[in-house]
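**Student:** Please take these sequences and the hints and turn them into a complete structure.
Each chain, letter by letter, is given below.
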Amino acid sequence: MDVYQNRLQGAVLLLPTVVVCLAFFYWPAWETIRLSRVRTIGGIQKIPVGWEHFTTLATSGAFQYSVAMSFVFAFIVVAGSMLIALYLSYLINEVSAGQSIYLVAAIFTYALSFAVTANIMDVLFNPTVGLFAEVLTIATGAVGVDFAFDYTTNPLWAWIFATGSTMWKMVGYNVIFMVAALSGIPESINETARLDGVGSLQMIVRVYVPMISPTLAFLAIVNTVNAFFLPFPVVQEISGGPSNTLNIMIYDIWQSYNNSVIGLASAKSLVLFAIIGLLTAFQLLLSDRFAHYGGT
Amino acid sequence: MAGQEQLSNGRIRSAVDISAYRRGFARQPVLHLALLGSLFVLALPVVMTVLMSTQPSVQISSSTLAGVGSEGLSNYERVLFEEDFATYLFNSFVMALSIAVGKVGIALLAALALVYYDLPFKRLILLFILFTLALPVPVRIVPMYEIMVSLDWENSMIGLVTPYFASATSVLLLRQHFRSISDSMVESAKIDGVGPLKFLVFVLIPMSKSMIAGLFAIAFIWGWNQYLWPLIIINDQSKQVLQVGLAQLNPTAGEALWGLIMAGAVITLLVPLLLMIALRGPLLDTVSMQTK
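Protein chains in written order, with our numbering: chain B, 9 to 304; chain G, 65 to 356.
Calculated from the structure, these hints are not laboratory results. Heads up, some of the hints might be wrong.
Okay, the calculated beta carbon distance ranges per label pair [as the list claims (entries may be wrong)]:
hint	chain 1	residue 1	chain 2	residue 2	range
1	B	A147	G	V111	14 to 22 Å
2	G	K254	B	V26	19 to 27 Å
3	G	S220	B	I197	54 to 62 Å
Some, not all, of what chain B presents toward chain G, calculated at C-beta under 7 Å [stated by the list, open to error]:
hint	residue
4	D10
5	A37
6	A188
Heads up, the beta-carbon is just placed ideally off N, CA and C, and yes, glycines get one too.
**Tutor:** Spelled out as structure tokens, the structure:
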């Protein structure tokens with residue numbers, strides 16, 4: 009309801025937000041578009057090259073690999089962390105005593121950064137001194153399996169290390185949403201299903217997942233967007249894995265900037281932006297659609 | 065599910081009652097064991113981190129079974145004062161606090177304008193703010209650095225925090241919340257001729273306490289955990305923050321000082337963790353409101 013008619017006053021109140029958006033979001037994004045169409049020489053001179061960087065990227069096998077691996081990485085960590093979170097949230101929703109403690113214990117990774125995650129996991133799984141790496145080596149050796157738990161030489165293990173660490177970090181965020189959504193399910197539905205003798209797994213798959221599907225859809229997209237750029241410290245920790253097998257886009261862009269290939273790096277970040285933009289638009293559309301369902 | 069009413073919107077207010085917990089455990093033993101088991105696995109990396117932070121580095125590298133080590137507090141002393149983590153801790157605190165206050169403060173003003181002012185193109189302005197969600201730091205990084213250089217803001221707290229002041233999420237949630245405040249309340253303020261800032265401070269803010277606390281906690285944790293931007297904008301060690309300091313502690317060659325690194329990790333994760341636990345009620349409510 010419009011209480012205040014003074015438009016100038018209203019504009020002044022909006023000014024800080026608009027200025028920050030323009031100065032640190034829109035203008036830099038526009039500049040990135042401009043930079044993607046030049047080649048820098050010696051860090052100062054800029055020569056216009058048109059769409060050259062984009063045609064280079066379109067035909068570059070290495071970049072295609074990087075884009076594909078970003079999707080694979082995102083898919084693994086989103087699916088993994090959401091499944092673990094769903095399982096934990098289900099248990100927390102079912103339990104009747106000590107819920108608050110269990111909930112805090114399940115969401116603590118929300119407060120941790122990816123930089124801390126990368127450090128902790130590196131110390132535990134480091135190939136030369138990591139306690140867990142050594143335990144795994146001894147355990148697999150005992151059953152006669154020869155697997156190198158070394159992210160510097162074994163690409164598969166590098167992938168497991170990076171996706172596993174990222175999944176672990178992302179569980180907390182998902183549990184917050186899922187527990188809230190599950191607690192919103194009417195008691196009568198639970199009881200009806202129970203009386204029909206529906207088992208736990210059946211309950212999750214047949215009753216809970218459909219009931220909280222708007223929340224799950226929201227999480228799937230938000231997690232995917234996050235998975236495209238937040239796990240950077242984890243990948244940086246292991247230097248992109250053996251021979252850059254973990255060269256996901258955000259790490260690839262960082263490397264290009266570091267090598268001062270500004271034009272090409274800008275073109276790469278625009279491709280990343282296009283992907284994130286599409287996902288965000290899709291999410292806004294989706295939440296609009298689901299809003300009619302009472303908006304869980 | 066007897067505990068259901070306790071958990072409305074993921075918020076639990078009741079104090080922990082040990083005897084109630086015992087009774088509950090006896091009623092659902094399998095459920096409790098499953099929870100204890102899975103949460104132990106989830107917490108294991110952090111438990112190990114705390115244990116290893118008390119051990120001399122040599123002991124960790126020879127992978128003796130973890131326990132509380134002989135180094136105790138000396139790793140913490142060394143990392144705080146020899147490795148400058150005391151400075152980083154202070155800088156991180158100032159950064160996170162500034163980001164949280166700036167974000168929520170500016171968003172309050174914007175939401176006030178969007179809900180209570182007769183302005184043209186309101187939807188368009190909202191979309192303009194919302195679209196910033198699709199522009200994460202990596203897409204803007206080089207031009208942002210160039211802006212900071214031209215403003216002479218590199219290596220400064222103001223350069224570190226200002227880009228984070230716009231918050232689409234805060235504006236959106238506060239706008240929704242303000243719209244849910246009853247019209248009669250607003251009407252009486254209007255009749256009394258209360259000015260906009262007074263209206264904000266004495267009516268809107270007291271009625272949004274829980275949401276403001278939640279947004280503050282989210283913004284503080286987010287700010288505290290930033291890594292890429294400080295890494296780029298700060299190259300003076302006395303201005304550096306914990307996240308970057310911790311990464312720099314990781315030596316690429318030579319003897320890795322794991323006990324020291326783990327002590328650094330504990331210092332880095334402690335503040336946001338405590339804040340999350342302290343403000344868990346409003347935090348959980350506000351975070352899960354984002355799907356609405």
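**Student:** Does the beta carbon distance between A147/B and V111/G stay inside 14 to 22 Å, or does it fall outside?
**Tutor:** holds (19 Å)
**Student:** Would you settle whether the hint for A188/B is holds or violated, based on the nearest Cβ-Cβ distance to chain G being less than 7 Å?
**Tutor:** Hint holds; A188/B Cβ to chain G Cβ min 4 Å, cut 7 Å.
**Student:** Hold the hint about A37/B up to the distance rule: shortest CB distance to chain G must be less than 7 Å.
**Tutor:** holds (5 Å)
**Student:** Once the shortest beta carbon distance from D10/B to chain G is found, is it less than 7 Å?
**Tutor:** holds (4 Å)
**Student:** Determine whether the Cβ-Cβ distance between S220/G and I197/B falls within the hinted range of 54 to 62 Å.
**Tutor:** holds (55 Å)
**Student:** Taking 19 to 27 Å as the hint, is the beta-carbon distance of K254/G and V26/B inside that range?
**Tutor:** About 26 Å separates the Cβ atoms of K254/G and V26/B, which means 19 to 27 Å holds.
In this structure, every one of the numbered hints holds.
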